Amino acid sequence: MANGDGFSAVERRVAGQTALGELSVAVGDLIREPRLAERSESPLAQGVRRLRRSKTAVLGAAIVLLLLLVAGFADVLAPQSPTDSDQTSTFQQPSRAHPLGTDQLGRDMLSRVIHGTRVALVVGVASVLLALFVGVPLGLIAGYYGGQLVDTAVMRVMDLILSFPVYLLAIILMVIFTPTAGVLGTVKVVGAIAIVRIPIYARIVRGSVLSIKEKEYIEACRALGQRDPRIMFGHVLPNCLAPIIVTTTLGIATSIIVEASLSFLGLGTQPPTPSWGWDLKANVAFIQATPWLSLFPGLAIFFTVLGFNLFGDGLRDALDPRLK
Amino acid sequence: MRVYILRRLLQVVPTVLMITLVVFVMMRSIPGDPVVALLGDAYTEEDAVKLREAYGLNKPIIVQYGIWLGKLLQGDWGASILTGRPVLQDVLIRLPVTLELIVLSMAVAIAIAVPAGVIAALRQNTWGDYTAMTLALAGVSIPEFFLGVLLLLGFSFNLAGALPSSGWVYLPGTCPTVVCAASLSGNLQHVLMPAIALGVGRAAILARLLRASMLEIVRIEYVTTARAKGLGERRVVLKHALKNALIPTVTVMGLQVGFLIGAAIVVETLFAVPGLGTFGIDAILARDYQQVQGFVLLTALTFVVVNLVVDFTYSFLDPRIRYGA
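Just so you know, the protein sequences line up as chains A and B, in that order.
With numbering that gives the first Met the number 0, letter number 29 in the first sequence gets 28, and the count goes up by one each step, no holes.
With numbering that gives the first Met the number 0, letter number 19 in the second sequence gets 18, and the count goes up by one each step, no holes.
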């Protein structure tokens with residue numbers, strides 16, 4: 000379907016289901032042409048230089064780095080166990096012993112928020128990487144053999160996934176997987192969010208590949224007798240890395256929101272594993288008496304998502320200034 | 000135009016079939032044997048065989064899907080295991096509430112996004128632009144349910160209960176039961192916070208997009224021509240730039256409606272709005288899978304219809320689409 004803004008109804012649909020940043024990637028990607036390096040500096044070095052100049056990117060990177068440290072050293076940083084309840088000190092106000100207070104089971108809120116970083120980051124990063132490792136090869140193959148049976152088959156399955164609203168499909172998948180606690184529970188959430196995100200990668204990569212494969216240097220590879228897989232992964236893929244990297248960073252932000260929303264609905268990682276969405280939900284019932292209990296997990300989600308969005312925005316500007 | 004509409008309508012058929020297939024697979028993959036659950040303590044192997052035969056559960060899976068699909072088409076969406084009420088009737092009652100919420104949150108989004116996007120573009124790189132875009136980034140980053148919690152804290156509890164924290168008052172004339180609370184002002188009071196919670200994130204996305212397309216368009220020659228003709232800046236912006244910048248924005252607006260169908264599930268749960276979302280989540284938590292099936296089917300079908308309407312609207316606004324394909 001041809002239309003005014005140059006991308007099809009389905010592509011518009013993919014874009015609409017994602018955060019704006021990812022949308023701009025999708026749009027920009029369709030008008031992308033490989034640029035010649037203006038100077039002898041490599042494109043990577045140029046990107047890094049632009050990234051370091053961008054205040055938003057540096058701020059975002061700092062937030063992300065801080066979160067990684069908190070998640071890594073959660074056991075050291077948390078003053079108490081996030082799961083040990085203490086019935087003698089429930090619903091404590093923030094104090095020196097409990098800087099963020101305690102919840103209905105007397106668990107230290109600060110420790111829960113600190114440990115919640117782990118679930119949020121693990122789910123956010125792992126689900127996006129899983130989607131990437133499935134979606135990118137699918138998109139590569141579909142684009143490289145564009146118009147052939149493989150392309151049609153892959154893209155029909157992607158369309159099927161896209162014919163559900165993101166949240167609804169994640170909910171359906173969690174109903175099928177049945178939510179549980181601990182590592183297995185986290186793996187299920189990762190799987191559900193990854194499946195929802197696969198078509199985003201497949202579409203973006205396919206779109207890039209369709210234009211890249213017509214370029215002379217790909218034809219040259221063919222003429223040299225290189226095999227398809229080598230051309231695909233060695234020559235086509237490196238040329239569509241920029242949108243993949245940006246989509247991944249911004250996708251982590253979206254995935255963290257979806258994870259928190261699933262937990263909020265009671266369909267994410269189950270207690271006692273600390274999860275921000277679940278903590279927020281559990282404490283909304285007492286919001287009038289102890290507002291800080293729902294406030295802190297919510298703020299944690301907000302700052303985490305903000306960090307990845309800032310970094311992703313900066314990355315997009317750095318890797319492709321034309322999208323600014 | 001007619002050909003385009005027909006072709007687009009025909010495209011819907013395989014999509015709907017695929018959706019039903021996914022729902023069928025979901026119902027099949029739910030752990031536990033329905034026959035065992037139905038018979039409960041009175042389970043005997045003999046009864047189980049009889050029951051399987053009665054429900055057609057011994058037939059090949061494709062035939063079972065066909066029978067199930069046939070029933071759906073006839074309006075038999077099963078009955079709730081807990082209440083015994085027909086599911087289709089129950090989900091249809093819930094749909095208008097969710098639709099009202101979505102329409103109003105879209106209105107909130109547009110009301111914020113259009114002025115914010117235009118001002119940010121016109122005053123590019125001033126503090127006004129930075130403020131608008133910082134707020135937009137915050138808006139993109141805040142989950143709907145957390146914004147809802149902040150609104151609850153601000154308007155329900157601190158301003159002496161200015162707005163109700165949960166529940167619903169129906170629009171006059173839309174009461175689904177014999178007796179229920181229905182008034183326009185009551186309805187607005189109840190829908191306001193959920194609509195803002197849902198709308199702000201969409202507003203942020205639309206504002207950023209509108210700013211970007213405005214900035215692109217004010218550099219195109221015809222805008223320069225308009226200025227060169229001596230037109231006032233206000234006219235140049237509103238009449239020439241904004242109109243064209245709105246085209247991509249309108250597309251994305253339609254897509255955001257699709258997103259809202261999913262996001263509404265979360266916000267309805269927070270504010271205890273009696274829409275499709277709360278119905279679905281309650282059914283999932285109660286393991287009433289007939290209700291879950293009805294919720295998933297109707298939500299997915301609503302999504303298909305919304306996408307269809309968006310495409311038609313868009314092809315109406317931009318004639319180039321109709322003649323393509």
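Note that these hints are calculated values from the structure, not bench results.
These numbers were taken from a predicted model, which means no experiment stands behind them.
Note that beta-carbon positions come from the ideal geometry of N, C-alpha and C, so glycine has one too.
Keep in mind that a hint or two might mislead.
Derived CB-CB ranges, DEER-like [what the hints assert, rightly or not]: (1) A:Q103 x B:L91: 36 to 42 Å; (2) B:P175 x A:Q287: 25 to 31 Å; (3) B:R6 x A:V156: 54 to 60 Å; (4) A:S94 x B:G83: 16 to 22 Å; (5) B:V24 x A:G145: 27 to 33 Å; (6) B:L16 x A:G233: 36 to 42 Å; (7) A:D227 x B:R6: 33 to 39 Å; (8) B:I66 x A:P270: 55 to 61 Å; (9) A:E213 x B:V24: 36 to 42 Å.
Among the chain B residues that face chain A by a calculated CB cut under 8 Å, a handful are [said to hold, decoys possible]: (10) T14; (11) M25; (12) S28; (13) F258.
Sample of chain B residues facing chain A (criterion: CB under 10 Å; computed from the structure) [claimed, not checked]: (14) V21; (15) V22; (16) Y64; (17) G65; (18) I66; (19) G69; (20) P142; (21) V265; (22) T268; (23) F294; (24) V303.
Distance restraint evaluation - S94 (chain A), G83 (chain B), Cβ atoms, bounds 16 to 22 Å:
violated (52 Å)
Would the hint on T14 (chain B) stand, with a C-beta cut-off of 8 Å toward chain A?
holds (5 Å)
Per-residue hint verdict: M25 (chain B), partner chain A, C-beta under 8 Å
holds (6 Å)
Please verify that hint: S28 (chain B), Cβ, nearest Cβ of chain A, below 8 Å or not.
At about 5 Å, which falls below the 8 Å cut-off, the nearest Cβ of chain A leaves the hint on S28 (chain B) intact, so it holds.
Should the hint that F258 (chain B) touches chain A count as held when the rule is a Cβ pair under 8 Å?
OK, holds: F258 (chain B) within 8 Å of chain A, min 6 Å.
Does the interface hint hold: is V22 (chain B) within less than 10 Å of chain A, judged Cβ to Cβ?
OK, holds: V22 (chain B) within 10 Å of chain A, min 8 Å.
Does the Cβ pair V24 (chain B), G145 (chain A) satisfy 27 to 33 Å?
holds (29 Å)
Hint check for V24 (chain B) and E213 (chain A) - Cβ pair distance inside 36 to 42 Å
Given about 39 Å between the Cβ atoms, the range holds.
Against chain A, with CB atoms and a cut of 10 Å, does the hint on V265 (chain B) hold up?
At 5 Å from the nearest chain A Cβ, V265 (chain B) passes the 10 Å test, so the hint holds.
Just to be careful: measuring from the Cβ of G65 (chain B) to every Cβ in chain A, is the smallest value less than 10 Å?
Since the shortest Cβ distance to chain A is 19 Å, the answer is violated.
Return the status of the interface hint for F294 (chain B): holds when the least beta-carbon distance to chain A is below 10 Å, violated otherwise.
holds (9 Å)
Using the nearest Cβ pair, does P142 (chain B) come within less than 10 Å of chain A?
Hint holds; P142 (chain B) Cβ to chain A Cβ min 5 Å, cut 10 Å.
When each numbered hint is compared with the structure, violations occur for hints 3, 4, 8, 16, 17, 18, 19.
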